[in-house]
Each structure stands twice: as structure tokens, then as C-alpha cells.
Amino acid sequence: MIEAAHLTKRYGAVTAVDDLCFRVGRGEVFGLLGPNGAGKSTTIKIFTALCRPDYGECFVDGLNVAGSPLEVKRRIGVVPQENNLDRELTAYENLFVYALLHRVDDRRRKVQEALALVGLEERRDHLTHGFSGGMQRRLLIARALLGEPAVLFLDEPTTGLDPQIRHQVWDIIRKARLDGRTVVLTTHYIEEAEALCDRVGILARGALIALDTPDNLKATVGQYVVQHVDPSGRLIQQIVKSREEGHRLAGERNGSVTVRKTNLEDVFIKLTGERIE
Amino acid sequence: MKSPGWYPIFLREMLMFKRKFLKLGYLFSAMVVPVIYLFAFGLGLGENVRIQGGDYLTYLIPGLIAMTSMNNSYAWVASSLNLNRVYFKTFQVLVQAPILPTSIVVGEVLSGMVKGLFASLLILVVGFLTAPAPAVTGIFLVALFLNCFLFASLGLITGMITRSHEETSTYNNFFIMPMAFFSGTFFPVDRMPDLLKGLIYLFPLTHTNILIRKDGLDPEGLVSLGILLCYSAVFSFVGARLIRNYSE
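In order, the protein sequences belong to chains G and D.
Residue numbering for the first sequence is 1 to 277, as defined by the numbering used here.
Residue numbering for the second sequence is 1001 to 1248, as defined by the numbering used here.
This is chain G alone, in the form it adopts within the complex:
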């Protein structure tokens, strides 16, 4: 459904995206996981025709983004990292203008349905500058879904949201997938990638350093982590292949020792030596 072929983007001396290659299948939820500055947002911007790569190509539904931008834009919906709603327009007006831009048929009904989907019907005539972060985020998702896109791009969709709103957003993303849409999301939340994504690409300094299902990525580095605090107060972690090996190692340590399952952050630390922040 979408494909990146050797995508490269530089800003001066900084390589934001470095020879990125991956494919995402139809109906898949694909996550790009990495710390701030890893190149996640730039990748989304290239796919959504907001940014031109210095090298390489990308495709949406077999269409080259650079060669057929209008056709690509008809097939995508974008939820940006930053709120880019018109603050001086109401929720309804924001969606209505977007529906006009994307030539949505039966606009008034679909705008109303989109507001209902994200629980904002009662705020339809309120200016969005008074909206909370969670309401803005839900309205951005409603707007992105209005054109019934084949591919939904979400850049850090739940950053800064409280857990309850985060789960509401996750439910909307799951519904988009059930509706047959391909979903590409960036996140630096481990639990988000694990909860939503069929496959995850791990980005570090613009390069894709691993790509697989969350379970396979964890199996690659080891299924369990043994954690203990050393006498200087430092947290020491060691990834092991099995629970038995973890408990054997825990028995050899003094003090408070924990054995837990590996998560994607452990994978990231193992691969890069850095934490996701």
C-alpha cells in the first residue's frame, strides 16, 4: 500500500532521514518508533507531500508521491503532531472547509458524522481555540478521516494526552483499521506501538535499524529482562532468552531484583545503547 525506496532528506549537515526503505501492506497498522529527532515526522511529511526528499522515492497505492501528488493527496488523511486547526473557526467550520478542500460528497452529513465519531457534536459551533488538547486531537483525527482516506498518517497522535483520552484515540485508530484503512503512525510511546501496531520500524538518527512485529523484535533480543539496582544506585538491566535463565540470573544478584518481559524500549536500548525519550 505504501512504500519508501531509499528516502533521504538532509537539513544542512543533519541527515533527518537516511536511506529509508520499507513497505506497508493494505489494512496494516505500521508504527515508526524512535526518540525525538529520529526522523519520524520528516518521513510522514515526505509521504504526505509536505516535504521533498533529496533522494529516493515513496509510493502510496502504487502512485509516486512526487509524480502524482494530487492523486496521492486524494488517498491520504493526515493527523499532524502539532495542532493545525484554524483557531478562529468553529469545529464544524474546520471540518466543512476541509471537506470542501477534499471534495467530499454529502458534506454536511459527513461532517456531522465525523463530529459524532469523536464525541464533539455538542461543541460543533465552538471556536477551536478554546478546545482542550484532547478535544483538538480528536477533531484533528475526525478531520483526517473525513475524506475516507485509504491511508491514515498519524504523527505522535497521543503526545501530551491523559490516559483516558489516549485510549479513546486508540479506539478510533483501531476502528479506522477495521474499516480497512492502512494506518501509519509515529510514536515514542512504547505501549502505544505495542498496543496498536502490526509491525514496528525502529528509527534512530534517521535510519531504520529494525523492522518486524513487536513480538519478533522482542524475541530477537531476548524475551525477558532482569533488573536490579547496584550499590551505587544505578539501574542495571540484562536481557535474557528465557524466564528460567532470568530467574537463575536473579538468584545470583543481591538486593531487589525484578524479572519482567521485554518491551520495545528494551529492544531500542539493546540496538542503539540509548533510551527513547
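It is possible that some hints are incorrect.
Unchecked claim - Subject to a maximum C-alpha distance of 35 Å in a straight line, what follows is the list of computed DSBU-like cross-link-like pairs (lysine-lysine):
id: 1; chain 1: D; residue 1: Lys-1089; chain 2: G; residue 2: Lys-110
id: 2; chain 1: G; residue 1: Lys-175; chain 2: G; residue 2: Lys-110
id: 3; chain 1: D; residue 1: Lys-1020; chain 2: G; residue 2: Lys-110
id: 4; chain 1: G; residue 1: Lys-110; chain 2: G; residue 2: Lys-261
id: 5; chain 1: D; residue 1: Lys-1197; chain 2: G; residue 2: Lys-110
FYI, nobody ran anything at the bench for these hints, they're computed from the structure.
Chain D: place on chain G using the hints.
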């Protein structure tokens, strides 16, 4: 029914303009500067100064209308585009929509023109109330529309190339404000030193001021009309190129 690509952009700007317009602050701020000029220059000098065989207010009011149309068409587009691109990021929504770059140009420029024409209308009304009514001829309207179009297009260029809102103000102070004073708004250009005249005749507003005061299209008016058309074509072409090549 399918609307043209520029319509949602125009509608969006008009919805926001409607909200501003309904606040009295907008009406006041749109009128305050030209009205101050009208009273300070017009009523102060009006009885003692005669220009081109007529009284000063008859000369001044078309100039104030040209200046107001320039200021409003330019500033609204430049400021709104810069803010939407750099701070609010709403320009991304337009770039990511399946519309041609020229639709963005048309939508933004048309909305700038409406704002410029509206502010000009306010000055025209004040002019009718305080002074001999200016003759609103076909040439007057052509000059006014072209002026709004070319300065809205110039505003679009400024809005696309400036990296901050402060930078937009710098362009305003160095290019737009001098043009307002030296292009025949308050006094005829032929009273300026020869050395400056060449430069002043490069300003588009000079030619709007020439054309807007014409009763008929004489050779001088034709030249000014041609120059305004050239500026309009160049500014809108450059604006369209900047939007087509936009990349974050």
C-alpha cells in the same frame, strides 16, 4: 456540486474576516490611519492648497483610497500567510489538500482583494461625507481592482518568504510605507526631485495613483495600466512558483 479549488480557501478567510469585521475594533483600525491623514492633510491644507486645478481634498481622497487598498490587500495576505505557515501550521492543510497550487494563489489573493476593497469602501464613504465626492468611473474601479490584486499577490510572496512575523513588518516598513508616502498619494510625483522620480515611477502604487485620478484613458493612463498589469502578472507568477515549490 463540486466547488472550484480556490473556493474553500476563500471561504475560510471570509469566515475569519466576518468574525473580525463584527468586532468594532476591526472597523476602527481599518479606518483610523486614512481618516487621520484625511483630516490632518486634507482639512489642514485643504483650503490653502490647489493641485492640478482642483482643491486638495479632491486630489487627496483617490490617493487615500489607493493607499488603503494597497495596505489592506498586502498586509492581510502577508500576515495571515506568514502566521499560518510559520506559527499555526494551517498552511500545511492547504498543501496536503488535492488542489492545484494556483488554487491556493487564487483563494488567498481573492480574499486579500476583498479585504482591500472593503477597507477602500470605508474611506470612500468617509470621503463622500466630508469632501467633494470622487468620481467612481470605470477607470477608477479598474485601478482599484488591479491595485488590490497586485498588492495581495505581493503580500502572498512576502508571506511565503518571510521566516517570522517580525520580518513581515520589516518588509512593510522598508517597501510599503515609503511607497504610501512618495507615490503620489499626498502630492503629485512631478514635485519630487528628478533624481527620485525615476525610482518613484518604478513603484506600482505611483501608477495606481495616476490611473485612479484619470477621467479618460489617455496615453499616460495607458502606460500606467500596462505597468500595473505587468506587475500583477509578475507578482502572481512568482507567488504561484513559491507555492508550487513549497517544501518544509
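Status of each hint after checking the structure:
no., hint, in the structure
1, Lys-1089/D - Lys-110/G, "25 Å, holds"
2, Lys-175/G - Lys-110/G, "17 Å, holds"
3, Lys-1020/D - Lys-110/G, "28 Å, holds"
4, Lys-110/G - Lys-261/G, "44 Å, violated"
5, Lys-1197/D - Lys-110/G, "59 Å, violated"
Checked against the numbered hints above, the structure violates hints 4, 5; every other hint is satisfied.
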